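Peer 1: In the order they appear, the protein sequences are chains S and V.
According to numbering that gives the first Met the number 0, the first sequence is numbered sequentially starting from 0.
According to numbering that gives the first Met the number 0, the second sequence is numbered sequentially starting from 0.
Rather than coming from a laboratory, the hints here were simulated on the basis of the structure.
For clarity, every value in this text was computed on a predicted model and none was experimentally measured.
There's no promise every hint is true.
Identical copies look the same in the list; a pair holds intra-copy or inter-copy alike.
Said to hold, decoys possible - Listed next, the in silico EDC-like pairs over lysine to aspartate or glutamate satisfying Cα-Cα at most 20 Å (straight line):
| id | residue 1 | residue 2 |
| --- | --- | --- |
| 1 | Lys187 | Asp150 |
| 2 | Lys188 | Asp135 |
| 3 | Lys16 | Glu43 |
| 4 | Lys85 | Glu152 |
| 5 | Lys32 | Glu104 |
| 6 | Lys172 | Asp31 |
| 7 | Lys97 | Asp194 |
| 8 | Lys32 | Asp107 |
There are 2 protein chains.
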Amino acid sequence: MGIAERKELEKEAMRNKILTVAMKLFLSEGYDKVSIRKIAESIEYSPATVYLYFKDKTAIFNSLQKIAFDKFYDTLTTSLKIKDVKKRLDKIGELYMKFAFENPEYYDLMFIMSAPIDPVKEECYIDDRALKLLSDTIAEVFEQKGITNGDVEATTFLLWSFTHGLASLVIRKRLVMVPEAHIKGLFKKIFDMLDERFFNK
Amino acid sequence: MGIAERKELEKEAMRNKILTVAMKLFLSEGYDKVSIRKIAESIEYSPATVYLYFKDKTAIFNSLQKIAFDKFYDTLTTSLKIKDVKKRLDKIGELYMKFAFENPEYYDLMFIMSAPIDPVKEECYIDDRALKLLSDTIAEVFEQKGITNGDVEATTFLLWSFTHGLASLVIRKRLVMVPEAHIKGLFKKIFDMLDERFFNK
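Here chain S stands alone, though its shape is the one from the complex (with noise of 0.2 Å):
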C-alpha cells in the first residue's frame, strides 16, 4: 500500500471515529446539547482535528442523515426484485418496519429526534426518495388493480403515518399494554385489514 492509500484510509478512519460517536451523542444528549467540543473531547482530539473534516456540528448530522436515509432506501430499494407489483408493495411495509427495529439509532435520527429540519436550506434534510417509492407502488397497485377512486398522495401518507406510527410506538416502548406474544398477530391482522380496504376493488 502507497503512502496516500494509507493516508486516505486513515483519513476514513478518523471521519467514521467523529460520525459514529457523534451519533452517539445525539442520541443520548439532544441536537441543541451537542458541541464540536463536545465530539472532540470524547475522542480525544482538538476541536481543529475535528473541524478539519467537518465544517460545523451541521454538517456532521448532516451526514449521519444522509448514510442513515442511504441505507433506509437501499433497504426498501430491494423489494424492486419482486414482480407483482402488490407483493412488492406488502413487502415495502415488512422492510420499512424490519429497518426501524434493526437500526433504531438511525430511525431516530431520521424520524424521531428533535432537529432542525429545514428542507430550504438542505443542510438538514428528509430525502424523500423512499416516500417516491411508496407513491410509486401504490399507483402501479392502483392502476393494475383496476382501483379508479385510489387517491395516491392520501394513501401514501395515511401508509406512511401508520408504519411510523407503529414502528415508533414499539421503538418507544409505548405498545407495552399488548402482551408480546399477541403483538404479532395484531400486526398481521391490522396489515391485512389495511391491504383488504384499500387494495381491493
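Since the structure of chain S is already known, use the hints to place chain V on it.
Peer 2: Below, chain V alone, put in the same frame as chain S:
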C-alpha cells in the same frame, strides 16, 4: 387564611415548581441525564428539599405523566356529549390531534421521549383509559352501522398508530415536504378515506 392553609398552598406551589422544571429538563436532556441534584440546582434548592416532595426521579416523572394523561383523557371525554356515535369518533380524532399540537411537551412525555416505561412496576406507565374510550367508541360504531366484519382491537390500534404517526411527524417537523398550504386538505382527505373504508357498510 389560616397558617395551615397557607402552608398547604406553599407546599403546592413548591411541588408545581419542581414539576415544571423537571419537565423542561426531561425534555431537553433526556430521562437518563436528569437527576434530583440537577432539578434541585435549577430551582436553587438543596436536593434534600426536593426529596421532601418526591421520593425519587421516577416519582417525579410519574407525576408528570399522570398530569399529562389526565389532561389528555379529560380532553378526549368532551367528545362524550356528542350523541351520534360516528360523529363522536370523528371528534376523538380531531381532539387527539388538537391535544398533540397544543400540548407538544405533554405529548412528547406521554408518547415520544425515551423513558423506562414499565407496566408491571406501575411506576412509569401508560394510562390506557383513552385507548379504551377509542375502542369502546369503535365497537359502538360497528354495532350501530351493522358492520359485522369489523375487528375492534385491530381497528383501534390501526387508528391510534396512524394518528400518533401523523401527530409525531408534524411535531418533529418530518412532513416538511408537504407545502404548508396543502397540509390541512391532505389531512382531511386521509381522515375521510379512513372513514369511508372502515365505517361504511
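Peer 1: How do Lys32 and Glu104 come out at 20 Å by Cα distance, when the copy is not named: within, between, both, or neither?
Peer 2: both (18 Å within a copy, 18 Å between copies)
Peer 1: From the Cα coordinates, with 20 Å as the cut-off, is the pair Lys16 and Glu43 best called within, between, both, or neither?
Peer 2: within (11 Å within a copy, 39 Å between copies)
Peer 1: State whether the alpha carbon distance between Lys187 and Asp150 is at most 20 Å within one copy, between copies, both, or neither.
Peer 2: For Lys187 and Asp150, the Cα distance is within 20 Å only across copies (12 Å; inside one copy 24 Å).
Peer 1: How do Lys97 and Asp194 come out at 20 Å by Cα distance, when the copy is not named: within, between, both, or neither?
Peer 2: within (19 Å within a copy, 29 Å between copies)
Peer 1: Indicate which option fits the pair Lys85, Glu152 if close means a Cα-Cα distance not exceeding 20 Å: within, between, both or neither.
Peer 2: within (17 Å within a copy, 25 Å between copies)
Peer 1: Checking Lys32 and Asp107: alpha-carbon separation at most 20 Å within a copy, between copies, both or neither?
Peer 2: both (17 Å within a copy, 18 Å between copies)
Peer 1: If the cutoff is 20 Å on CA atoms, where do Lys188 and Asp135 land: within, between, both or neither? Let me know, please.
Peer 2: between (25 Å within a copy, 19 Å between copies)
Peer 1: When Cα atoms must be at most 20 Å apart, do Lys172 and Asp31 count as within-copy, between-copy, both, or neither?
Peer 2: Intra 24 Å, inter 15 Å, cutoff 20 Å: inter-copy only.
Violated hints: none; the structure is consistent with every hint.
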